[in-house]
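Chemist: This is what each chain is made of:
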Amino acid sequence: MREITFQQALDEAVAEEMRRDARVITMGTDFTGDPVKEFGPARARFTPISEAVLTGMGLGVAGSGFRPIVNWRMVTFSFVAMDQIVNQASKIRYMFGGQADFPVTYRCSTGGGIGLAAQHSQSPYSMWMHLAGLKIVLPATPADAKGLLKSAIRDNNPVVSFECSRLNTSTGPVPDGDHLVPIGVAEVKRVGRDVTVVGLAYYVREALAVAEELAGEGISVEVIDPRTLVPMDVATIRASVRKTGRLVVVDEAPATCSAAAEIAALIAEDPTTFRALRAPVQRVCAAPVPVPYSPPLEGAALPSRGDIKAAIYRAIEDTGRSGSRRRAAVSAGASAGRRRRPDRADAAAE
Amino acid sequence: MREITFQQALDEAVAEEMRRDARVITMGTDFTGDPVKEFGPARARFTPISEAVLTGMGLGVAGSGFRPIVNWRMVTFSFVAMDQIVNQASKIRYMFGGQADFPVTYRCSTGGGIGLAAQHSQSPYSMWMHLAGLKIVLPATPADAKGLLKSAIRDNNPVVSFECSRLNTSTGPVPDGDHLVPIGVAEVKRVGRDVTVVGLAYYVREALAVAEELAGEGISVEVIDPRTLVPMDVATIRASVRKTGRLVVVDEAPATCSAAAEIAALIAEDPTTFRALRAPVQRVCAAPVPVPYSPPLEGAALPSRGDIKAAIYRAIEDTGRSGSRRRAAVSAGASAGRRRRPDRADAAAE
Amino acid sequence: MELDRAQVAGMLHAMILIREFDERAIQLRVAGKIYGAVHPYVGQEAVAVGVCSVLAVTDRVTSTHRGHGHCIAKGADIRRMMAELFGRVDGYCKGKGGSMHIADFAVGMLGANGIVGGGLPIACGAALAAQLEGKGGVAVCFFGDGAAAEGEFHEALNIAGVWRLPIVFICENNQYAANNAVGVQHPGPDIAGHAAAFGMPGAIVDGNDVLAVRAATAEAVARARRGEGSSLLECKTYRWHFHAMRAAIPAETRPAEEIAAWKARDPIARLAGYALDRGLLTADEIEALRARVKSEIEDAIAFADASPFPDPKDLLVDMFAD
Amino acid sequence: MELDRAQVAGMLHAMILIREFDERAIQLRVAGKIYGAVHPYVGQEAVAVGVCSVLAVTDRVTSTHRGHGHCIAKGADIRRMMAELFGRVDGYCKGKGGSMHIADFAVGMLGANGIVGGGLPIACGAALAAQLEGKGGVAVCFFGDGAAAEGEFHEALNIAGVWRLPIVFICENNQYAANNAVGVQHPGPDIAGHAAAFGMPGAIVDGNDVLAVRAATAEAVARARRGEGSSLLECKTYRWHFHAMRAAIPAETRPAEEIAAWKARDPIARLAGYALDRGLLTADEIEALRARVKSEIEDAIAFADASPFPDPKDLLVDMFAD
Ligand SMILES: Cc1ncc(C[n+]2csc(CCOP(=O)(O)OP(=O)(O)O)c2C)c(N)n1
Ligand SMILES: Cc1ncc(C[n+]2csc(CCOP(=O)(O)OP(=O)(O)O)c2C)c(N)n1
Ligand SMILES: [Mg+2]
Ligand SMILES: [Mg+2]
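Protein chains in written order, with our numbering: chain A, 1 to 350; chain B, 1 to 350; chain C, 1 to 322; chain D, 1 to 322.
Don't read these hints as lab results, they were simulated from the structure.
Please read all numbers here as calculations on a predicted model, not as lab measurements.
There may be inaccurate statements among the hints.
[Claimed, not checked] These stretches of chain B come out as covered by chain D in the derived footprint (C-beta under 8 Å, 3 or more residues): (1) 46-55; (2) 85-93.
[What the hints assert, rightly or not] Just a few of them, taken from the derived set where beta-carbon distance is under 8 Å, the chain C residues facing chain A: (3) Lys-94; (4) Lys-96; (5) His-101; (6) Gly-111; (7) Gly-118; (8) Ile-122; (9) Ala-123; (10) Ala-156; (11) Ile-159; (12) Phe-309; (13) Met-319; (14) Phe-320.
[Stated by the list, open to error] Here are the computed distance ranges between Cβ atoms for each label pair: (15) B:Val-36 to C:Gly-227: 38 to 44 Å; (16) B:Gly-306 to C:Ile-249: 32 to 38 Å; (17) D:Arg-254 to B:Leu-180: 57 to 63 Å.
Backbone N, C-alpha and C define an ideal beta-carbon position, used for all residues, glycine too.
Chain A with its partners taken away, still in its complex shape (with noise of 0.2 Å):
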């Protein structure tokens, strides 16, 4: 067990699988860590600001033998190669029979927070979740982000590995040796009754913190880590949801047709848990707004821990119990409303 930050974390799984594995090539138009100088420019390659043929190139490359790992660098980019992603990637296995494999990794980073404004703060795992066809991993540790890489870069399949920007310098245990994690396997990050808090990313940290305060308030929440997004590991959630009868999920996308809808979905369509919840379910998600850049309105266009907790508050709220707990939820009230405010478009429809 090493404590190192989450990119150190990402840069040693690419580095080991490299080294495993001399078909793994990775391209970019940068790099963290300095793979060029222990593998060489031919198989890692500085390339021109062309996404779109970088996508596609992982494609003919990976159909043609080799394992290559694209970084698009942000998310951002990743839309000028959009058609690749869309028409090509995610199809281009099923839509050829299954007659090739296409084991490419397509890397990028996620997420606000850091006062970078609406193109460079975005978080749209819900586009790619849609499309059928594209493994999606979500780490939210260092530990996570090394073992969930190594397990895509193994993966037959063109695997997403959306990497959380605000999580970059944080640092947690990794294990030694050849740590992987399984795609498609979530995780109980901490076990409660009251509650389930499903969080994303940055946001899983915290959940914890909001359970961890609440717990002194006698409120028990069960906080789950998906860590894959696709597939998506529906059992462990509604195995918890099941028990506390609530849910809460924490995403810093808008909800719009986000993760969390989907998991909100999820929970509402199976019958046992849907008989088994007894509260709203709560999305606590970013305003359907650009990320603004100025910190104040950045900071409430994102989610809050009193947004996290004034969620789990109406949660409760909403299922009745003591007045302690109508008190807090009142004076959590006014960030609550603000993160349940509807778009115009609902104030108007509403």
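On the provided structure of chain A, position chains B, C and D with the ligands as indicated by the hints.
Modeler: Showing chains B, C and D with the ligands alone in chain A's frame:
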């Protein structure tokens, strides 16, 4: 009132708005109707196959005082322009502090069911819905196609008009004169008591057909067509579910992070509606695969009337009604089973 | 580069096979045996055949929406092609792909593509693989004049130029993109002019002359195999039929004289004439070729017709590799 | 085209203002008054100023992630620019955009852009508007050498060529894209070579010589105003500082001699020298200009600092127009 096709209705909308306002121009690699004949090559422009520049030009010319209509033809082709949609169109007004308006209308056809295989059979509405900043319409009748497209062209924001291929040749009554349908208003297509079915585009017709059929069995189905996806008329949908206590959503996109997922979440998170919900939400969506070419596979991949019926039976089953219902539900079981089969991922996880 | 009789016979056979395959595909689409869209390659046979005649089975090509000719020229089995068009389990994609998505990785045919320009990046990936393998392999990318208006064209040629990838870009300039003449797509009539700025040779060749196409490709391929980088070859040609059909055959929108002029330059008649003049093939032998093609196609149709439709139970099969 | 003293003084003032603005922005970013990323334009002042010196306020330009210079040269108010960098309500975007999204539609500045190449299509739209208006307006698109590797570059030049749009494409070739030298992006050192295939003139100009930039732009703009179409102008220049900074100033990765050589070709010193030689300005007058710039910038900073932060209650404002 005249009976015209969906396609004619769309062509009329464009022609009428171009007559009404000289700042309206239309651009695409091809046109239905003959706008060049009436409006000339300056306002009706054949373009190179360059969707990315075309999409950005729409913003540039709109921000410079014109009202462009950009036709991508198929939603498939819009993905090469996704950067301009995601990073520019959906953010440009807010990001610039509202100092300019961008009255551009993006049009494209959507959907499968006509043997065009994976790339040409897509319904990725939700990928756009997730982007705060775009208005999105999805008409299901010639009258709504005309009225919504006219409203879109007059709207001062980027609006995406999704036009279902399978409806092109369908006919319906369209009011004479300047027929407008407001953006953001759903329509209750059939009033019912027992279950609410929200259908999208082609599936509004299918839902109505099933509702008619089930009326004979004494099941009263309320059918709602959202007509606009952003802003979603949540009030109308929630009001219906508060009345029926049951929701079935029919959408030909795969379920994960789909419009159907969002509608399910909007129901599950609203306290009043949640309390009124008597059965798990039913998503009747496409199987989680790229749409296959061969007719039997394509038929199996997309929702069918049998699937809708089975979902309605399930909704009623799960709130325990008469044995006749139960038998009926069982008879539809096979297809229901297929429809609800989780993808291999979930299978692994469950 | 003199050709022997076997080579000429082989190319002539391939060209006739491509033409007959698509002529029959049109009939079969009208008959409802084939679904979706069909984009006939008729008239452009010399390009696919001339190019592929200098490729090894280990060389990889990417194709377009108009891909039947490329598949046949690269060595795909027309029985499995026809079965795919029929939507049957013995098709190359088990019926999941259809006309616009036929692929045969075993012979280096990395797939037709429904996206204009979509194959260019994938071809660059295949070229990168060849470069990394270091065995002198090459990649070939077929694309149309319309595709040259897409950004992916630029990105592909640029990275190929920077990395000196072993790839030959074959632009089939058939004068039209759907119903739009090349002038709608480009400021000038030629695509080859873009090559220079990417640091690679750009040549224009008569795309209806299979020998010219073969010679120009041979040079570009040799260059790539020597590690000297990429080339752009623009083949001027013409499609004899409509852009695409679904249930019905669309009305012709191009000038009748233009069509006639191009048909007078029939690439098949041209190669047949060459073979006769040089005494490489007799008229009887050419007739025999035509007869052989007919029976091969009937055999492919019979094979396709005998193949079962996929079982809906297999809907989710082939999604993910283990 | 002889310049009078007012013109020279105006250009010199704009260049000094741009430089001082960004030098101060760097300090203010370190001081935590500015958030997110800052991309200094220092060293490239002659390009923005030379180009915009021949534009009317009604002509429209699009910019890049390195956009402060373009904004100032096009006539934006540095007080509202600074307020935007400070994230305040009096900023051009009310604090919603920041450095990478400053726009001032009132002076024809259609926006900085965080996407490499993202402004090219938007500029073509502005050019289309000018063409449709028929009043002789032009659009100008600033972009970098790295952006020329993006597909949007190709699509923009191609459609501009086909439609003969009144647009001038200004490639600021500052030799690097982030830390990658131009050789990583392109097979050759020049971008201008792409122009010919798009049917437009492509010229290379010394981007550190504001008079040369102005003259070349004047010619291209005149051409566009006459309805003769588009041009590509490649300005060879160099950025004096790092690509971008957040909290800390990044270490320099480029060769010291290279930096020194380019600094020796300081575009501001060059114009000042020209003005002195020609007797257009005296040393005192130039000193006065510098002093004026300093106070203008202090005033802008004071203005920004006095402006309030946005109220979170306004989070949803500006999303949709009525
Ligand atoms: C990105 C994209 N845009 C538009 C289309 C629709 N489309 C299919 S084929 C075609 C014309 C292509 O012309 P060209 O590249 O010259 O090939 P050809 O059909 O002439 O063989 C178009 C516009 C598409 N398939 N993909
Ligand atoms: C599509 C896209 N890819 C990558 C980036 C990240 N990025 C920002 S600036 C930059 C370098 C751009 O170089 P150039 O165009 O030469 O402009 P310069 O920075 O030299 O002014 C890169 C790669 C981006 N913003 N957008
Ligand atoms: Mg063509
Ligand atoms: Mg540069």
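Chemist: All hints are to be evaluated individually against the structure, with a verdict given for each.
Modeler: Hint check results:
Judged by the Cβ-Cβ criterion of 8 Å, the segment 46-55 of chain B is covered by chain D as claimed, because 7 of its residues qualify and three suffice. Under the rule that three or more residues need a Cβ within less than 8 Å of chain D, the assignment of the segment 85-93 of chain B holds, with 4 such residues. Hint status for C:Lys-94: holds, given a least beta-carbon distance of 4 Å to chain A, under 8 Å. For C:Lys-96, the suggested interface contact is upheld, since its CB lies about 5 Å from the closest CB of chain A, less than 8 Å.
A distance limit of 8 Å between C-beta atoms decides the matter here; for C:His-101 the minimum to chain A is near 5 Å, and the interface restraint holds. A distance limit of 8 Å between C-beta atoms decides the matter here; for C:Gly-111 the minimum to chain A is near 6 Å, and the interface restraint holds. For C:Gly-118, the interface hint holds, the least distance from its beta-carbon to any beta-carbon of chain A being 6 Å, beneath 8 Å. Evaluation of the C:Ile-122 hint against chain A yields a held restraint, the C-beta minimum of about 4 Å falling below 8 Å.
Hint on C:Ala-123 holds. Least Cβ distance to chain A is approximately 6 Å, under the 8 Å limit. The interface hint given for C:Ala-156 holds, since its Cβ lies 5 Å from the closest Cβ of chain A, which is under the 8 Å cut-off. Evaluation of the C:Ile-159 hint against chain A yields a held restraint, the C-beta minimum of about 5 Å falling below 8 Å. For C:Phe-309, the shortest C-beta to C-beta distance to chain A is roughly 14 Å, which exceeds 8 Å, and the interface hint is violated.
Taken as an interface hint, C:Met-319 checks out: its beta carbon lies about 5 Å from the nearest beta carbon of chain A, inside 8 Å. Contact between C:Phe-320 and chain A, as hinted, is supported at the beta carbon level, the nearest pair being about 5 Å apart and thus within 8 Å. Checked against the hint of 38 to 44 Å, the C-beta distance between B:Val-36 and C:Gly-227 comes to roughly 50 Å, which is inconsistent with it. Take B:Gly-306 and C:Ile-249: their Cβ atoms lie about 35 Å apart, and the range 32 to 38 Å holds.
The supplied range of 57 to 63 Å is met by D:Arg-254 and B:Leu-180, whose beta-carbon atoms lie about 59 Å from each other.
Going through the hint list in order, the structure does not satisfy hints 12, 15.
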